[in-house]
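Student: Read off the chains here:
Protein chains: 2
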Amino acid sequence: MSPDNTARISRTDVPHMKWWGWGIDGVSFSYADMPNFAPFIKRQVGLDLETRVAQPAPSFDELDVPTSRIPDDLTNFLIDVVGADNVVSTAHERVLHGSGKSIRDLMYVRAGDFARLPDVVVYPASESEVAALVALAVARDFVIIPFGGGSNIAGSLEPELAEERTVVSLDMGRLNRVLDINAEAGLARVEAGVRGPDLEAQLKAAGWTLGHFPDSFSHSTLGGWVATRSSGMQSDRYGDIADMTKGLRVARPDGILDLRPLPSTSTGPSLKEMILGSEGRLGVITEVTVQVHRVPEAREIRAYLFRTWAHGVAAMREITQSGLPVTLTRVSDARETSFSFATSKASGGVAALVKKGLMRYLKARGWDLDAIALSFIGFEGSAQQIAAIQKAVRRVVKKHEGISIGTGPGVLYDQKKFDTPYIRDFLLDRGGAADVSDTAAPWELLTTMHERVYAAAHGVFDQLGVRGWIMCHLSHSYRSGACLYFTFAFVEEGPPQIENYDVVKNAVQQAFVDVGGTLSHHHAVGVEHAPWLEDVLSPSGYRVVAGLLESADPGRNLNPGKIVTVE
Amino acid sequence: MSPDNTARISRTDVPHMKWWGWGIDGVSFSYADMPNFAPFIKRQVGLDLETRVAQPAPSFDELDVPTSRIPDDLTNFLIDVVGADNVVSTAHERVLHGSGKSIRDLMYVRAGDFARLPDVVVYPASESEVAALVALAVARDFVIIPFGGGSNIAGSLEPELAEERTVVSLDMGRLNRVLDINAEAGLARVEAGVRGPDLEAQLKAAGWTLGHFPDSFSHSTLGGWVATRSSGMQSDRYGDIADMTKGLRVARPDGILDLRPLPSTSTGPSLKEMILGSEGRLGVITEVTVQVHRVPEAREIRAYLFRTWAHGVAAMREITQSGLPVTLTRVSDARETSFSFATSKASGGVAALVKKGLMRYLKARGWDLDAIALSFIGFEGSAQQIAAIQKAVRRVVKKHEGISIGTGPGVLYDQKKFDTPYIRDFLLDRGGAADVSDTAAPWELLTTMHERVYAAAHGVFDQLGVRGWIMCHLSHSYRSGACLYFTFAFVEEGPPQIENYDVVKNAVQQAFVDVGGTLSHHHAVGVEHAPWLEDVLSPSGYRVVAGLLESADPGRNLNPGKIVTVE
Numbered sequence: 001m002s003p004d005n006t007a008r009i010s011r012t013d014v015p016h017m018k019w020w021g022w023g024i025d026g027v028s029f030s031y032a033d034m035p036n037f038a039p040f041i042k043r044q045v046g047l048d049l050e051t052r053v054a055q056p057a058p059s060f061d062e063l064d065v066p067t068s069r070i071p072d073d074l075t076n077f078l079i080d081v082v083g084a085d086n087v088v089s090t091a092h093e094r095v096l097h098g099s100g101k102s103i104r105d106l107m108y109v110r111a112g113d114f115a116r117l118p119d120v121v122v123y124p125a126s127e128s129e130v131a132a133l134v135a136l137a138v139a140r141d142f143v144i145i146p147f148g149g150g151s152n153i154a155g156s157l158e159p160e161l162a163e164e165r166t167v168v169s170l171d172m173g174r175l176n177r178v179l180d181i182n183a184e185a186g187l188a189r190v191e192a193g194v195r196g197p198d199l200e201a202q203l204k205a206a207g208w209t210l211g212h213f214p215d216s217f218s219h220s221t222l223g224g225w226v227a228t229r230s231s232g233m234q235s236d237r238y239g240d241i242a243d244m245t246k247g248l249r250v251a252r253p254d255g256i257l258d259l260r261p262l263p264s265t266s267t268g269p270s271l272k273e274m275i276l277g278s279e280g281r282l283g284v285i286t287e288v289t290v291q292v293h294r295v296p297e298a299r300e301i302r303a304y305l306f307r308t309w310a311h312g313v314a315a316m317r318e319i320t321q322s323g324l325p326v327t328l329t330r331v332s333d334a335r336e337t338s339f340s341f342a343t344s345k346a347s348g349g350v351a352a353l354v355k356k357g358l359m360r361y362l363k364a365r366g367w368d369l370d371a372i373a374l375s376f377i378g379f380e381g382s383a384q385q386i387a388a389i390q391k392a393v394r395r396v397v398k399k400h401e402g403i404s405i406g407t408g409p410g411v412l413y414d415q416k417k418f419d420t421p422y423i424r425d426f427l428l429d430r431g432g433a434a435d436v437s438d439t440a441a442p443w444e445l446l447t448t449m450h451e452r453v454y455a456a457a458h459g460v461f462d463q464l465g466v467r468g469w470i471m472c473h474l475s476h477s478y479r480s481g482a483c484l485y486f487t488f489a490f491v492e493e494g495p496p497q498i499e500n501y502d503v504v505k506n507a508v509q510q511a512f513v514d515v516g517g518t519l520s521h522h523h524a525v526g527v528e529h530a531p532w533l534e535d536v537l538s539p540s541g542y543r544v545v546a547g548l549l550e551s552a553d554p555g556r557n558l559n560p561g562k563i564v565t566v567e
Numbered sequence: 001m002s003p004d005n006t007a008r009i010s011r012t013d014v015p016h017m018k019w020w021g022w023g024i025d026g027v028s029f030s031y032a033d034m035p036n037f038a039p040f041i042k043r044q045v046g047l048d049l050e051t052r053v054a055q056p057a058p059s060f061d062e063l064d065v066p067t068s069r070i071p072d073d074l075t076n077f078l079i080d081v082v083g084a085d086n087v088v089s090t091a092h093e094r095v096l097h098g099s100g101k102s103i104r105d106l107m108y109v110r111a112g113d114f115a116r117l118p119d120v121v122v123y124p125a126s127e128s129e130v131a132a133l134v135a136l137a138v139a140r141d142f143v144i145i146p147f148g149g150g151s152n153i154a155g156s157l158e159p160e161l162a163e164e165r166t167v168v169s170l171d172m173g174r175l176n177r178v179l180d181i182n183a184e185a186g187l188a189r190v191e192a193g194v195r196g197p198d199l200e201a202q203l204k205a206a207g208w209t210l211g212h213f214p215d216s217f218s219h220s221t222l223g224g225w226v227a228t229r230s231s232g233m234q235s236d237r238y239g240d241i242a243d244m245t246k247g248l249r250v251a252r253p254d255g256i257l258d259l260r261p262l263p264s265t266s267t268g269p270s271l272k273e274m275i276l277g278s279e280g281r282l283g284v285i286t287e288v289t290v291q292v293h294r295v296p297e298a299r300e301i302r303a304y305l306f307r308t309w310a311h312g313v314a315a316m317r318e319i320t321q322s323g324l325p326v327t328l329t330r331v332s333d334a335r336e337t338s339f340s341f342a343t344s345k346a347s348g349g350v351a352a353l354v355k356k357g358l359m360r361y362l363k364a365r366g367w368d369l370d371a372i373a374l375s376f377i378g379f380e381g382s383a384q385q386i387a388a389i390q391k392a393v394r395r396v397v398k399k400h401e402g403i404s405i406g407t408g409p410g411v412l413y414d415q416k417k418f419d420t421p422y423i424r425d426f427l428l429d430r431g432g433a434a435d436v437s438d439t440a441a442p443w444e445l446l447t448t449m450h451e452r453v454y455a456a457a458h459g460v461f462d463q464l465g466v467r468g469w470i471m472c473h474l475s476h477s478y479r480s481g482a483c484l485y486f487t488f489a490f491v492e493e494g495p496p497q498i499e500n501y502d503v504v505k506n507a508v509q510q511a512f513v514d515v516g517g518t519l520s521h522h523h524a525v526g527v528e529h530a531p532w533l534e535d536v537l538s539p540s541g542y543r544v545v546a547g548l549l550e551s552a553d554p555g556r557n558l559n560p561g562k563i564v565t566v567e
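Residue numbers (the working numbering), protein chains in the order written: chain A, 1 to 567; chain B, 1 to 567.
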């Protein structure tokens, strides 16, 4: 099925993020043009950016990286499949592939604490090479961990601590092609290792778009999205990756699992929905057939303000349930809104509006300025279609006492939406641990969810004696409910302690599940969220999933230990 | 969770279809008011309704029903759970619960050929009773086959021929209540045994609708829809039952599998999508939380004519892909259109239009009257919304050279849409075997699919030396493809032979799969479609599903032998 390998990009052309943090080398967060940022951070978490001495990650050479345990004969078997150029055991490659980018991952890696790294990294150039590697894993009893862009924040990429067998990280980065676009059905057949920007560029050249824009878009891959049930910024219109996925090819020990693209099917338990979210445990996804859409004529993100977060949430619910085809619904709570104000550039965006006296105007109208909620709503289509949808949205926004503040903030949001994760590294250099946790729940639970998660976080901040911060936005609206996306941070005197991070993270996750939500809306289970899976699926359901994974991989060769922890 | 049992309907109030055919006793197909019907049947399949002597089903007393094999102690165990009134081993109840209503089922049952019937029927009155029965099935090693409305046409309800253990049919009919409606999220928590009309009546009393109207609606149940991945007549707007299902409760041997309703979740392989379509093999579905909608202000089905079926299909594709929120898209091919004309009443409907000289007008415009395709499109909403959608639809229809013929035929179609299956019994009385097979495929395959299925059917009609008929409509449109729904029939001198039916059915199914479609869009796998599952899932995928079912029910106590035939 795959084109010949000679035209493949080489292993060294596969891009990677920094070994110690998010994103591209040389790019980092700066608050040089954000006059409100330093005062905000000092006020909220007591961190004085003027005086705090940054402690950046050590240089790679300072790290004590354990040596690879791969036996020579196995190296040779791997070379037989992918060629010597594509089998690498350097410390740098093994560290790069040893984890994702959760704050826990970053803390470990910066501390040089490599409990268990992959022993080798392989870069196959075709589906048949992937299939051969998977078959070899069973025949020679080693472990394969598929690797896409490495942006996972649930621990889905790390080898099990006690793993004694060889661990092979299988980097899919060379399988990066759009193979075929079927215009009539709007179906694109795409290799699983393609990264977001590369995928959209190939599609755009033919006039199409997938419309899947998770925060990790710049670095993550199609196969990774499918393997983790990702959701992107335009999911209100285009659906989650689960909705977009129509066909699949997966390399399994007994051959290629091939699911033809079908608009709908009544063929028993859904095999497609078993592969979705399987994190490599059912095999290695090699190819995905996705629903694509014609690139829209125009695209616009408008910003709105609501008196309170609750007003904004009610408006998003009404917009979604009335069937208006918006692409994005997002409402920051008061705290996240204040953070947005704090990260505004000196000129432009929300700050400019503030200068224009908007706040005085709202105060005069009786608004509590500390309760204001900033909202973004996205639109696509012809100019005429956008105008019609915006008119209907305006009516709903007005009903819920909101006001439009134009497209300026939306343009800025759209520009910088993929940059937020860089802030984590900036803070980590300065003793601050920041990360995100997301849930989804029916509409009527969202207020309680918000309150209970805040209470849980503040409770543990007090208990730990740290200055902490939590903020939230609603995104990804559905007819029956929505995703709540929380960002939390706390500051310690020295480097942040993983034990303390775990306490905060656990409190947030437990609140999600206790209120009736899910453990994650779009960040997968891995090992970090695995402790709550039985609560969400019920004990009986958990055993059904465990039985599926065990029966499909009895030798535990395929990314064992993820999703279901005890088998 | 369930209300107390005292107010439950009694076992004898659970409605059942005829033991020998479709629907309600006393209701049958009549062509008295259809002047074109008899000539049409004579012309197409050589059956002279004037002279052919009808051979109706025998009286029940003439049947030789094998006796129940249930041991006395097991009867007592069952009575302990549900009470003596709700454990029945009469021949009539066992025959009623021994199969669904495929034409194959009807041929067997009319012939008194009962290879293996359930030994006993139980009518639990609560989830806890269902749970106790499921646990007992494992403890005492008997087989449970859950029974909803009995309308299945894939063999999902029949015991395995060689089953030596006791087979218990578990009739869910007493669990028929809407337990709760959450207005904010539009989520209704409903017991699984409720039948379509009862469900819609309970929802309507509170101003809601599920909007799921399969052809079997009058007789089938919510739990049955979920267990078979049903799709209903308004799926274009409301989705398939898989889309509507948000939460589930399933009685399993180790307790209640409880999936909380979530708008979306990233929690590994989807357990919900494993229960959907599981045909009782993962347990007994006791409760479903479904997305419901406010009853629309108005509802309308309009009829259209296209020059050819291909013109109509192209129009449905454009309507669907442009995102117009129609509820129903349906286009009959030329043959099904001629059948619709033949079943028109003497007054009203399409016939009236013909009288009005419409056909002369079309002929004058150059239409080939033998190629015309009749189409229905459904609309819902406020009068204003409907008008706007219809205006946009009109534009697409016109572009594809179609014309609107108003709401009259749509009203008739809406009235009689659930009556079509009665025709099968009428024909069976007269030597005609008629049944349906449905598939789904991407848009670009639909023309080839249509041609190849026709060629396959005509090939085997010739081979068998029978006069046969096949017709088709497109329904259930999706962005990437649609369902094609075929009806086929053939006539023999005496009673139709099952062997001949199998040859025809097999040829149609094989064509579905060979062209790249699925074995069924909405009629499940059961045993009748099981031979093609490996083709659709690929051998590796088939084994994954087999592994799931085996690991979840190692003792084969839960409707064994369905979906996956060899384990």
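Rather than coming from a laboratory, the hints here were simulated on the basis of the structure.
There may be inaccurate statements among the hints.
[What the hints assert, rightly or not] 30 Å max Cα-Cα, derived BS3-like pairs, lysine-lysine: (1) A/K398 x B/K391; (2) B/K18 x B/K345; (3) B/K391 x A/K399; (4) B/K363 x B/K399; (5) A/K391 x B/K399; (6) A/K42 x A/K345; (7) A/K399 x B/K204; (8) A/K204 x A/K18; (9) B/K416 x B/K391; (10) A/K391 x B/K398; (11) B/K391 x A/K391; (12) A/K399 x A/K42; (13) B/K345 x A/K204.
Student: State for each hint whether it applies.
Tutor: Hints and how they fare:
A threshold of 30 Å between alpha carbons decides the hint, and for A/K398 with B/K391 the separation of about 28 Å falls inside it, so the pair holds. Proposed proximity of B/K18 and B/K345 is supported: the alpha carbons are some 26 Å apart, at most 30 Å. Distance check on the hinted pair: B/K391 and A/K399 sit about 28 Å apart at the alpha-carbon level, within 30 Å; holds. The straight-line distance between the Cα atoms of B/K363 and B/K399 is roughly 19 Å, inside the 30 Å bound, and the hint therefore holds.
Proximity of A/K391 to B/K399 is assessed by CA-CA distance (about 28 Å); at most 30 Å being required, the pair is judged to hold. For the given pair, A/K42 sits about 18 Å from A/K345 by alpha-carbon distance, which is consistent with the 30 Å threshold. Between the alpha carbons of A/K399 and B/K204 the distance comes to roughly 28 Å, so the proposed pair stays at or under 30 Å and holds. Between A/K204 and A/K18, the direct Cα distance comes to roughly 28 Å. Compliance with the 30 Å bound is thereby established for this hinted pair.
The straight-line distance between the Cα atoms of B/K416 and B/K391 is roughly 27 Å, inside the 30 Å bound, and the hint therefore holds. Of the pairs offered as hints, the one joining A/K391 and B/K398 holds, with about 28 Å between alpha carbons and a cut-off of 30 Å not exceeded. For the hint pairing B/K391 with A/K391, the CA-to-CA distance comes to about 20 Å; that is within 30 Å, so the pair holds. Simply put, A/K399 and A/K42 have alpha-carbon atoms about 38 Å apart, too far for the 30 Å limit, and the pair is violated.
A hinted pair counts as satisfied when its Cα atoms are at most 30 Å apart, and B/K345 with A/K204 does not qualify at roughly 53 Å.
Hints 12 and 13 from the earlier list are contradicted by this structure; the remaining hints agree with it.
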